[in-house]
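Number of protein chains: 2
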Amino acid sequence: MAETLNRRIVLAARPDGEPKASDLRLEEVRLPEIGPGQVLLKTLFLSLDPYMRGRMSAAKSYAKPVEIGAVMEGGTVSEVVASTNSAFKPGDVVLGYAGWQSHAVSDGKGLRKLDRAAAPLSAWLGVLGMPGMTAYTGLLTIGQPKPGETVVVAAATGPVGSAVGQIARIKGARAVGIAGGPEKRRALTEEFGFDAALDHRSPTFAEDLAAACPDGIDVYFENVGGPVAAAVQPLLNPFARIPVCGLIAHYNDSAPPPGPDRLPALMRDVLTKRLTYRGFIVSDFQDQAPAFARDMSAWLKDGRVKAREDVVEGLENAPEAFFGLLKGRNFGKVVVKVA
Amino acid sequence: MAETLNRRIVLAARPDGEPKASDLRLEEVRLPEIGPGQVLLKTLFLSLDPYMRGRMSAAKSYAKPVEIGAVMEGGTVSEVVASTNSAFKPGDVVLGYAGWQSHAVSDGKGLRKLDRAAAPLSAWLGVLGMPGMTAYTGLLTIGQPKPGETVVVAAATGPVGSAVGQIARIKGARAVGIAGGPEKRRALTEEFGFDAALDHRSPTFAEDLAAACPDGIDVYFENVGGPVAAAVQPLLNPFARIPVCGLIAHYNDSAPPPGPDRLPALMRDVLTKRLTYRGFIVSDFQDQAPAFARDMSAWLKDGRVKAREDVVEGLENAPEAFFGLLKGRNFGKVVVKVA
Chain A
1 MAETLNRRIV LAARPDGEPK ASDLRLEEVR LPEIGPGQVL LKTLFLSLDP
51 YMRGRMSAAK SYAKPVEIGA VMEGGTVSEV VASTNSAFKP GDVVLGYAGW
101 QSHAVSDGKG LRKLDRAAAP LSAWLGVLGM PGMTAYTGLL TIGQPKPGET
151 VVVAAATGPV GSAVGQIARI KGARAVGIAG GPEKRRALTE EFGFDAALDH
201 RSPTFAEDLA AACPDGIDVY FENVGGPVAA AVQPLLNPFA RIPVCGLIAH
251 YNDSAPPPGP DRLPALMRDV LTKRLTYRGF IVSDFQDQAP AFARDMSAWL
301 KDGRVKARED VVEGLENAPE AFFGLLKGRN FGKVVVKVA
Chain B
1 MAETLNRRIV LAARPDGEPK ASDLRLEEVR LPEIGPGQVL LKTLFLSLDP
51 YMRGRMSAAK SYAKPVEIGA VMEGGTVSEV VASTNSAFKP GDVVLGYAGW
101 QSHAVSDGKG LRKLDRAAAP LSAWLGVLGM PGMTAYTGLL TIGQPKPGET
151 VVVAAATGPV GSAVGQIARI KGARAVGIAG GPEKRRALTE EFGFDAALDH
201 RSPTFAEDLA AACPDGIDVY FENVGGPVAA AVQPLLNPFA RIPVCGLIAH
251 YNDSAPPPGP DRLPALMRDV LTKRLTYRGF IVSDFQDQAP AFARDMSAWL
301 KDGRVKARED VVEGLENAPE AFFGLLKGRN FGKVVVKVA
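Protein chains in written order, with this note's numbering: chain A, 1 to 339; chain B, 1 to 339.
Just so you know, not all the hints are guaranteed correct.
Since the list gives no way to pick out one identical chain from another, each pair is judged satisfied if it fits inside one copy or across any two copies.
As the list claims (entries may be wrong) - Calculated pairs, EDC-like style, for lysine to aspartate or glutamate (alpha carbon to alpha carbon, straight line, at most 16 Å):
hint, residue 1, residue 2
1, 273, 284
2, 60, 269
3, 337, 302
4, 42, 3
It is worth saying that the hints were derived from the structure and are not from the lab.
Every value quoted in this text rests on a predicted model; they were computed, and no experiment measured them.
Make a model of the complete structure from these sequences and hints.
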């Protein structure tokens, strides 16, 4: 077999605040022939997700940062094009973490074979994958919505937020979604079935939110932080649960914002309203993967959960799409069609 | 029976920041004869507790504020001196909420008869009462200390903190206590058996705390907020639990403190370390009262839990003792010997 030309995007520099084009670099390298027990993968779809912003920084987090010069991390759906590993054969399609590149060599560990007929392949990066399971585990394990309660989620047309709202409704709760702009807002009620939808860009957003939550908020699925979280806080009911899943409004912060210091007031609310704030990462709930796969597949099949994708063509367009994602410019789950 | 002269302390004004003597007022009033089904109580012991600061303010909280001119609320051990209620007879000793006064008239609701022989009567206001059960329920239900883990608590010579540390040790965890001044610090290890003790007034407090917690902090029982909480935060381990029980450092705050705004950094820690902050009030766990009574009585009897009291003589000295409590001047559970 001829040598393979691999196109890859590496971390060129750690961003200071908002990431820019020069922080990432497209390279072409020749891959050697695979060795014994290895597989050569061709990337079909690359997932772009907000957590990747964290990997670009050296700040301590739950996962190690991407090294300077290393390929950006990312979930992928790939096709096996060559294999010396008995578990895989050319033509197999696998879910893995091959990163931002056209090809990858793997020893097969952590790869999961996909059934081409079960669902569109890119769905394994979205509603049937990490974002869908993030919504499922965080909402049900920490949020624990009860029938008639009010569940609020922002970034609500995104893959996590849209699943949170739809699962909340399946559990009998009222789903209130927040998104940016009239088109996304409309999609929340018309496409995803939210009970109420809000545009966080509205100058009367805080009042709009209060009006949309006349009985207060019992579960706030925290994806964003920032002004949305500030508008939510006074509406939280006693015993409200706040699964903390993401803080996209703060990922580019390079220093603590100016005062006043809102921490004591938050703690006072935690105390007097007996709130529960709990951070989580989907991998903490790996034991729920079978339950998630069973429930979400069924909900997709019977139409109770809908998923929306924002497909970007070509690896070279991944950086711009990623920067847009951090600013809320995407509309649905962002996947890059690589091959 | 002659009319009874009742001495009582009422809320004269809502404090602006730190409460002062003129915010409370000692009055004498004549009580009428008791009516049918009532009991006349003579207060033996009045409990002073930090939560009372909250009741002096009009700010929304989990309980209604004390009205201006009304008797300050408080837990009491009282003796029945007259009764037309068949459930009580003169000489009975009862636990209740008669408030800051020498006498009270009750219809018997919410009174619990005490066995004079079971424990010193004032213990029902401390280790066997609300503060002890606060420690027990918050630590075990939310903190969930595991053997070998590190549990940190401030105000640690107080009735809640000392019980938290001692229960943590009973459960096999390492107990690190924080208190103000060398005498209290010494009592933590020598009297209450903490594994390590710190003085929060030390100029090297943050470094001292880090040195005392070489394996990080798994449970931080939050009693105080303020600089202690700030020193704890960077030491919290992944999956740490923070029962939020009190914030005495902030009870006199009349406005949010100046910046920077530490809220986003806290939320980032909640997310990346998967922390759980959960507020609670002992009454949320009323169903645990029998388990608490059984366990704590046994621990007191076999000496595994020790309790320290700071007894104040005379109702007229309650205000000054309460102001001192808010500044950490007490040393142990504050009870006022009223009769």
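Status of each hint after checking the structure:
no. : hint         : in the structure
1   : 273 with 284 : between (27 Å within a copy, 11 Å between copies)
2   : 60 with 269  : between (28 Å within a copy, 10 Å between copies)
3   : 337 with 302 : neither (27 Å within a copy, 69 Å between copies)
4   : 42 with 3    : within (13 Å within a copy, 94 Å between copies)
When the structure is compared with the earlier hints, a violation turns up for hint 3 alone.
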